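Asker: Sequence order for the protein chains is A and B.
Heads up: the first sequence runs through residues 1 to 437, numbered per this note's numbering.
Heads up: the second sequence runs through residues 1 to 437, numbered per this note's numbering.
These aren't lab readings, by the way, just hints derived from the structure by calculation.
Computed from a prediction, not measured in an experiment: that's the story for all the values here.
Warning: the hint list may mix true and false statements.
A pair holds if it fits inside one copy or across any two, identical chains being indistinguishable in the list.
Claimed, not checked - Heads up, simulated DSBU-like pairs for lysine-lysine below, C-alpha to C-alpha not over 35 Å straight-line:
{"id": "1", "residue 1": "K9", "residue 2": "K154"}
{"id": "2", "residue 1": "K6", "residue 2": "K125"}
{"id": "3", "residue 1": "K154", "residue 2": "K6"}
{"id": "4", "residue 1": "K125", "residue 2": "K9"}
Protein chains: 2
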Amino acid sequence: MTESGKPLKVAVLGCGSVGSQVVRLLQEQATDLAARVGSPVELVGVAVRRLDAAREVEVPEGLLTTDAEGLVSRGDIDVVVEVIGGIEPARSLILSALEHGASVVSANKALLAEDGPTLFEAAEKAGRDLYYEAAVAGAIPILRPLRESLAGDKVTRVLGIVNGTTNFILDKMDTSGAGFADALEEAQALGYAEADPTADVEGFDAAAKAAILASLAFHTRVTDADVYREGIAEVSATDVASAREMNCVVKLLAICELREQPDGEEAVSVRVHPAMIPRSHPLASVREAYNAVFVESEAAGQLMFYGPGAGGSPTASAVLGDLVTVARNRRNDVRGPGESSYADRAVLPMGEARTRYHVAIDVDDRAGVLATVATAFAEHGVSIRTVRQEGRDDDAQLVVVSHEATDAQLSATVAHLQGMDSVREVSSVMRVEGGAE
Amino acid sequence: MTESGKPLKVAVLGCGSVGSQVVRLLQEQATDLAARVGSPVELVGVAVRRLDAAREVEVPEGLLTTDAEGLVSRGDIDVVVEVIGGIEPARSLILSALEHGASVVSANKALLAEDGPTLFEAAEKAGRDLYYEAAVAGAIPILRPLRESLAGDKVTRVLGIVNGTTNFILDKMDTSGAGFADALEEAQALGYAEADPTADVEGFDAAAKAAILASLAFHTRVTDADVYREGIAEVSATDVASAREMNCVVKLLAICELREQPDGEEAVSVRVHPAMIPRSHPLASVREAYNAVFVESEAAGQLMFYGPGAGGSPTASAVLGDLVTVARNRRNDVRGPGESSYADRAVLPMGEARTRYHVAIDVDDRAGVLATVATAFAEHGVSIRTVRQEGRDDDAQLVVVSHEATDAQLSATVAHLQGMDSVREVSSVMRVEGGAE
Ligand SMILES: NC(=O)c1ccc[n+]([C@@H]2O[C@H](COP(=O)([O-])OP(=O)(O)OC[C@H]3O[C@@H](n4cnc5c(N)ncnc54)[C@H](OP(=O)(O)O)[C@@H]3O)[C@@H](O)[C@H]2O)c1
Ligand SMILES: NC(=O)c1ccc[n+]([C@@H]2O[C@H](COP(=O)([O-])OP(=O)(O)OC[C@H]3O[C@@H](n4cnc5c(N)ncnc54)[C@H](OP(=O)(O)O)[C@@H]3O)[C@@H](O)[C@H]2O)c1
Chain A
1 MTESGKPLKV AVLGCGSVGS QVVRLLQEQA TDLAARVGSP VELVGVAVRR
51 LDAAREVEVP EGLLTTDAEG LVSRGDIDVV VEVIGGIEPA RSLILSALEH
101 GASVVSANKA LLAEDGPTLF EAAEKAGRDL YYEAAVAGAI PILRPLRESL
151 AGDKVTRVLG IVNGTTNFIL DKMDTSGAGF ADALEEAQAL GYAEADPTAD
201 VEGFDAAAKA AILASLAFHT RVTDADVYRE GIAEVSATDV ASAREMNCVV
251 KLLAICELRE QPDGEEAVSV RVHPAMIPRS HPLASVREAY NAVFVESEAA
301 GQLMFYGPGA GGSPTASAVL GDLVTVARNR RNDVRGPGES SYADRAVLPM
351 GEARTRYHVA IDVDDRAGVL ATVATAFAEH GVSIRTVRQE GRDDDAQLVV
401 VSHEATDAQL SATVAHLQGM DSVREVSSVM RVEGGAE
Chain B
1 MTESGKPLKV AVLGCGSVGS QVVRLLQEQA TDLAARVGSP VELVGVAVRR
51 LDAAREVEVP EGLLTTDAEG LVSRGDIDVV VEVIGGIEPA RSLILSALEH
101 GASVVSANKA LLAEDGPTLF EAAEKAGRDL YYEAAVAGAI PILRPLRESL
151 AGDKVTRVLG IVNGTTNFIL DKMDTSGAGF ADALEEAQAL GYAEADPTAD
201 VEGFDAAAKA AILASLAFHT RVTDADVYRE GIAEVSATDV ASAREMNCVV
251 KLLAICELRE QPDGEEAVSV RVHPAMIPRS HPLASVREAY NAVFVESEAA
301 GQLMFYGPGA GGSPTASAVL GDLVTVARNR RNDVRGPGES SYADRAVLPM
351 GEARTRYHVA IDVDDRAGVL ATVATAFAEH GVSIRTVRQE GRDDDAQLVV
401 VSHEATDAQL SATVAHLQGM DSVREVSSVM RVEGGAE
């Protein structure tokens, strides 16, 4: 393609970890970007909160402004890159940008998961693009493959390791035998976890990404309020060791599944929780803070996308990829594929999610206990796949792995077990994913 | 998006492994395809060689024809899917389809690698799309991520396991210790290798894919004639065992690299050969007939794309993904990104390719041999990273791993070694990839 036509004007909102790298790449790659877009790409403004803060990039003279709203409503901006984060003012700025005729690229998972439909409708109405590859799994191209490459296929399941902090912690626990607290401390010392690690450790970040993935995979609106969420703070060294004994590893997974219902309709199950997966599963070898998304579809089979899930520069790569597409679309006066929610499937409550379970139970070591426990599982319709019994002095531990059952059936079983005389404690319950039933 | 507008007419050329699955998906996914494209997608013809052959799919009455040229030149076809394979008549049919106003989706790696530029120019001239995701690594979305997701980044290296047959054979050799011949026989028995395995085993198939990957990654025209190619027939059980000792595994890799030259210009190195890679490398865990493509880029870092590299149904998934995009573009009367060869970099001859080497040398077991061998390496500018010496009765084996050197330097070293009195045989030379220098 030859470089021609008038320059495309780009405004960047935010100049932190991601924004500074976006600004850097816009400058360093200017020649290549122009060749790939077909027009020069001109940075016309960078909105920040503090004009005098130290930046990781040199912003050209006169471009910094604290008036983000003024920038997006100038009227001559072709593309607005939103890398401020959070709900407000990011949402208002994106809506204003679209109203004023700009296309938008955003990395804002929190906003897209909470209020995506508002933004998609505004983009549709304005006839502009809203792209957000960087919002899920950083640099890894996953939204575009789901939306475009797999558009002729039927995606049935997405399993993602989409939070680097928790993967780092769980990987540490697996390789060193450390407990959660020590592993978290190490992650913090190395800069993989924030001082307040709640958003990562409690699964909020992964839940936002799960909502975005499920929406695209199943052509259905899913917001973070639809996502069942459990973090990793309760994962113990013993859980990790039990997983190891079963030749499994514990990962925090974002799980999006299509499930056929008794009435023949297909519904969506979306959840984030720690789970055991077999060591032979491709996701099991995702180490440290890397991310990966595993996709199952009817025709393509099993695919995996792997890479750095965060970091200023990787995330900026994803932002710039979107920017090139959006800029090309502007030049051609077209839109890329917008929101696709035609399937409008129901989202299942967690009680109806089906999976397998690993349950460790401390029991009295006497005859007949195994039979009583097995009966409790059977009464709630949970069929047992394997049981391992380990005698200790006067008590014993039973480790049960079930066949697929609903979360409601399992919860009822656990409550039942906890009320039994011969059961001292249900010491661990963990879901088992990624294997064949 | 709502389904509206007149149906898009699709012709499929070929109804073999891939074509039959394309036809099946067009029928089974009709409702979803219509919703995703925005118009119904209508199959209007299927060209084959033999009308009466048994097919894996039921082709609707009246659609089969042996007149492929007549089908593509009807003048009312929106999209032609070419899944015949080979150079002719595939090339003429694609050119005719473009001339008659159709967009084209193809899975034909051989044709694209041999004569891509002719096709790209025809598509450009016709103002139509030519998409070919299925030509590399089957179902794995890799061309679209390279072309679009990484469009704002600078790709520096692509390492691909892009041939399932050879990966299956090498994996067998690694896990069972089998020799090449036995592993090939097993692959043939299981349907992973053809009766005439030349195209796979000798690296022709991988070389075609390497050319396609390098063209996209480096915005430069690369054809299969530019690709250095070495197959796996010479890989011995001993090579695989040596790799194992170094905690490596042998893989047939398609390698595409950007290399800065002494004059500051960047040139492209493209080659296919067996190589040792560390077991900790993400590509090392690609088992059996799976494919994976590992991409390094300046901003995104290291990405990997993994999945089934062949098979009718996975390949059809990639074809249909392209078909949805191309059909959407038809509806909007636009083209997607076409060929991008603006960078027009030089392609290096193999002698200038730089990598590390593993060289096993049988020598007389006497004092001073190591020094003589080391001197030979030094004379040709190949710096040694490690040497391991193993004494056997009256001879010894030296295993040398070099630092990065050019292929020409290494070849000269090997020729020198072979002429030395104290050297009985250079028993194995293998490149080492995927590690830090
Ligand atoms: N960091 C990552 O690895 C990563 C990965 C994937 C996605 N993301 C997403 O990318 C987005 C940005 O993340 P980040 O890590 O770059 O955040 P950050 O380092 O905290 O940067 C935020 C930037 O926004 C600016 N800002 C804040 N409020 C503003 C306002 N009201 N008006 C104008 N500018 C304002 C800040 O200005 P000052 O500099 O003046 O304070 C700062 O430059 C978030 O949505 C995040 O979820 C980040
Ligand atoms: N198979 C895979 O896993 C795979 C994976 C990736 C890419 N691909 C590529 O996909 C393409 C198709 O591969 P395939 O495995 O499906 O091949 P295939 O099974 O051999 O099928 C070829 C089809 O083309 C038809 N054909 C041959 N010559 C023709 C002619 N002159 N006019 C009209 N039709 C003609 C054949 O008709 P008849 O049936 O009447 O003989 C047959 O239906 C190739 O380019 C291949 O490289 C294949």
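Asker: All hints, please: hold or fail.
Answerer: Status of the hints after comparison with the structure:
1. K9 to K154: Result: close only across copies, 22 Å inter versus 38 Å intra.
2. K6 to K125: both (25 Å within a copy, 23 Å between copies)
3. K154 to K6: Between. Shortest inter-copy distance 24 Å satisfies the 35 Å Cα cut-off; intra-copy 41 Å does not.
4. K125 to K9: Both: 21 Å inside a chain and 29 Å across chains, each within 35 Å.
The structure agrees with every numbered hint stated previously.
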